[in-house]
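Turn these sequences into a full structure, and let the hints steer you where they fit.
Note that the protein sequences, when read in sequence, are chains A and B. Using the numbering used here, read the first sequence as starting at 1 and increasing by one per residue. Using the numbering used here, read the second sequence as starting at 515 and increasing by one per residue.
FYI, nobody ran anything at the bench for these hints, they're computed from the structure. There could be a bad hint or two in this list.
[Unchecked claim] Derived PhoX-like pairs: lysine-lysine, alpha-carbon spacing no greater than 20 Å straight-line:
hint	chain 1	residue 1	chain 2	residue 2
1	B	705	B	666
2	A	103	B	677
3	B	677	B	632
4	B	690	A	65
5	A	165	A	27
6	A	65	B	677
7	A	390	A	147
8	B	705	A	83
9	B	690	A	103
10	A	65	B	622
11	A	147	A	282
12	A	115	A	27
13	B	615	B	632
14	A	65	A	83
15	A	2	A	27
16	B	632	A	83
17	B	622	B	666
18	A	222	A	232
19	B	632	B	622
20	A	405	A	424
21	A	54	A	27
22	B	666	B	677
23	B	717	A	103
24	A	115	A	2
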Amino acid sequence: MKILVVSLLRLGDLIQQAPLLQGLREKHPHAEIHLLLNRQFADVRRILGDTVDKYIHFDRENLQKGLGEASYNILWSYSQLEKLVHELNAESYDLALNFTHNKLSAYLIGAVDAKEKKGLYQQDGRFQGLHNRWLRYFNDRFSGTQKSLFHYVELLGKAFSIPVKSAPAAPVKAKSKLVLFQCLTSDSKKNWGLENFHQLKRTIEISLVDYEVMILGAPFEKETLLKVFSEKDLLICDLVEARKHLQNAALLVTGDTSIKHLAAQTGTPIVEIAIGSSDILKTGAYSARTVALTSAVACAPCSHSQPCSQKTHICAEDISMERVFGAVWDQLSGEKIAERNALLSLERAVWSLYLDSGEMAVEPSHREALQSAQDVWQARTQLYSMWLTKAREALPAREVLATHKTFQSTDVAGLVLCAQDILKSKQDEAGYFQPFVEALLTRFTQPVQIYDRVHAALQEVEELLSIREQFTHHLQTLSMEGGVYYAKGIGQLPISGFEEAGESLQRNPENAEL
Amino acid sequence: MSMITFSENHESSLIAFEAGEPLASLRDPRAEGLKWVYSLGSLPTSHVVVVGLGSGFHIAALADVDPGLSITVVESRESLIPVFRSQFPELAGRVEIVVVKDAQDIFKADFYQDILNKRSFVLSFRECWGQHVDFFSEMFAHLTGRSAESVKYHFEEFGINIKALYFQSKNLLNIKDVLPVVEASVMPENKKQLFRVLGELVK
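Spelled out as structure tokens, the structure:
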């Protein structure tokens, strides 16, 4: 079996996708896995190693040069691309997976002959591959403003049925007293500032006298780092050496960089300063040992391609040195990193049940979460049910809308008011009503079109609420019984005891003979 | 046609003049040629077309820096050729010079077909264009497929109707100008997909 994985992203994303590729290898141990990646990040093979059998390069820089510079024949880039596609087609892939999920990769996979294609691709004049609920969720959340409940790697793993292991939750390295900083990122908007890092270094070394702070950097960053740090503080290295340093470190403090994904892989605790265009849901380290510090300013996270629109770098200013030091302290002291967000874990469970269209094993943590957040959870359930009822009542009948020749906003005034209530309340954190709100923001020419879209969105909410109700009921039942069953007269039996009882009820041939 | 004359500089190199204007640096034509070649960076091809011969020092520099490169020069001023050949006899086998008097004539020429087949890389050295800036600019656009007139030859294999492009301004065309035409044309879907990929790369 031959599998093509298309990942035309940046270095950090490629490193972040390592668990996906490892999961793919586990799922198809005898398959030949080829990875199509941007040529400029070819060095990532030193990190991914044997997980991938063949690395194929997409020469984005040269293709763009050929398109942008007049000296190149207008079809030069076309020829290069055609050559690449011929090369790919000669491999006769059984499966093509799109890990990139953008139009560029969708068109490219559309041009490649593969027996099966998973993820977004364009064929027969339309985008396809979003039949899977997980992929639709991924598409909706990552192209819209609503936050996702799941990490990007987790979503892709679910969408492609690839078993993904989170980074090992290694205990704090007791012997290590090394704290590493990765101060510079690929984009100045995402830099917290060298002066801030310098102050943090001094604070750590004064407050935690055993600890030593060293600064990681690539060779091209050395000159910039030397403006603030002395040469003896620097660890100038490539990715492979950086991984070795991370393995020996107690903590990494970093911006949104590829180094943090390496740290996630090695199980090194991370304090991430996510500012500028950094979006922790999209590019945050996939590790349970990460504390991400984000800014509360209104413009954050900003667009990746746009320069900062503010007079000063307010998102960086919003994250104080004391706050970062607090996170460093928590990580190094090994105390509970962050209180588990009970509601969030329950919402994730409900969405997983919905997206999987199946059953999910209930974890003990869900029961604990429900116990600790029962009141809020129930109040939210009632609120969602109320919104659903209100929206259903406000939705005019299809037959009525069909008689209208043109669409007018007054036709859906009740729905708009309902959507306003939802948005103003800021209670729909899990995004149950997001498709409903988006349906009202879409332009339609025919009134019945809006009916169909809103109706479908409300049906989805109804299904989610039904799952939520069943899930809550299930957790409450377990909670009441405390994981053990009681039977009158015979005392307490563990759940497993029923299996034994079940066996004893089987017909015994010896008894029959008697 | 302006008169072409030649004059020796202090290094005894022959410099061509057109209407009193030198077609290369008088002081150091070799350094000027080398500077131009270094500004190009590495070329992604083994054959290039250069628009304009002038005094030929830039051609010599190009051949010198990349010994594996074969060069075709397009020039309208025939009188420049014998002097170039005598000044750089070692380039006789590597540099082909094509004389084109009228920009419209190239579409029928054999060498143009060769350029279409190879999708050749085209270089311009404006310092040697002298009085013929418009002519050489037009040649450059035709050779790269970036003029409205030439694009139909470059896109011949796709069999698309490129009439819409005639409404484009005289600026050099790029792939973005052609994409709507490609999208509206009847051509194999897999080829259209490749153009769509290119469209994403120029966003």
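Query raised in the report: Okay, which hints does this one fail, numbers in order?
Result: 2, 3, 6, 7, 10, 13 and 20
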